[in-house]
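Novice: Residue numbers (the numbering used here): 271 to 423.
FYI, nobody ran anything at the bench for these hints, they're computed from the structure. Ideal Cβ positions, reconstructed from N, Cα and C, are used throughout, including at glycine. Do not rely on the hints blindly, as some may be mistaken.
What the hints assert, rightly or not - With beta-carbon atoms standing in for the labels, derived distance ranges: (1) A368 with T422: 41 to 51 Å; (2) T361 with T422: 34 to 44 Å; (3) A355 with T422: 38 to 48 Å; (4) Q302 with V381: 19 to 29 Å; (5) S356 with A421: 20 to 30 Å; (6) T422 with E396: 35 to 45 Å; (7) A338 with S363: 37 to 47 Å; (8) D364 with E417: 42 to 52 Å; (9) S400 with R322: 23 to 33 Å.
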Amino acid sequence: MSGVSRIQFAEVIAAPVGRVYELMIGPGSYPQWTSAFAEGCYFEGSWATGARIRFLAPPGDGMVAEVAEHRPCEFISIRHLGVIASGVEDTGSDAVRAWAPAYENYTFAAVPGGTRLVVDMDVAPEWEASMREAWPMALRRLKALCEAQEATA
């Protein structure tokens, strides 16, 4: 995992932790906020600790991972294991072994007026610029989604 750096993003959302957590990982809402990365993003699998999960965008390219740890409404740690190209998983090529495993962690904390969501992730140099651009946009979309849901609750 040489050359991989850790980057962090945070957003305070005016909604309770449970709402932010549910809308972040819910299959119906996940595509809404992850469209900052690619239109039509979705996941296949489970968020349970130890479960395999695939993060995909049309036409089926994406990442394969496992949930390293999941404490509902508190913390999720995703261990990225490889890439998916044209539906085929690659977890063993030299290109993948250069960065895998890489972790992506979500920490949810109650703060006055809502929830502080922190995203920490390991990123390879070739992806850092795009992640620094996409994550803030994704968190703003999640914030808008959560706050709109809260306003109608």
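Novice: If a hint holds in the structure, say so; if it does not, say that too.
Specialist: Status of the hints after comparison with the structure:
Separated by about 46 Å at the C-beta atoms, A368 and T422 satisfy the suggested range of 41 to 51 Å. In this structure the supplied range 34 to 44 Å holds for T361 paired with T422, their Cβ-Cβ distance being about 42 Å. Judged by the Cβ atoms, the range 38 to 48 Å given for A355 and T422 holds: they are separated by roughly 40 Å. Separation of Q302 from V381 is about 23 Å and conforms to the stated range, judged on CB atoms against 19 to 29 Å.
Here the CB-CB span from S356 to A421 is close to 42 Å, at odds with the stated 20 to 30 Å. Checked against the hint of 35 to 45 Å, the pair T422 and E396 passes, with Cβ atoms roughly 41 Å apart. Range check, A338 to S363: Cβ separation about 22 Å, and the 37 to 47 Å hint is violated. Separated by about 44 Å at the C-beta atoms, D364 and E417 satisfy the suggested range of 42 to 52 Å.
Restraint check, S400 to R322: a C-beta distance of roughly 25 Å satisfies the suggested window 23 to 33 Å.
Hints 5 and 7 from the earlier list are contradicted by this structure; the remaining hints agree with it.
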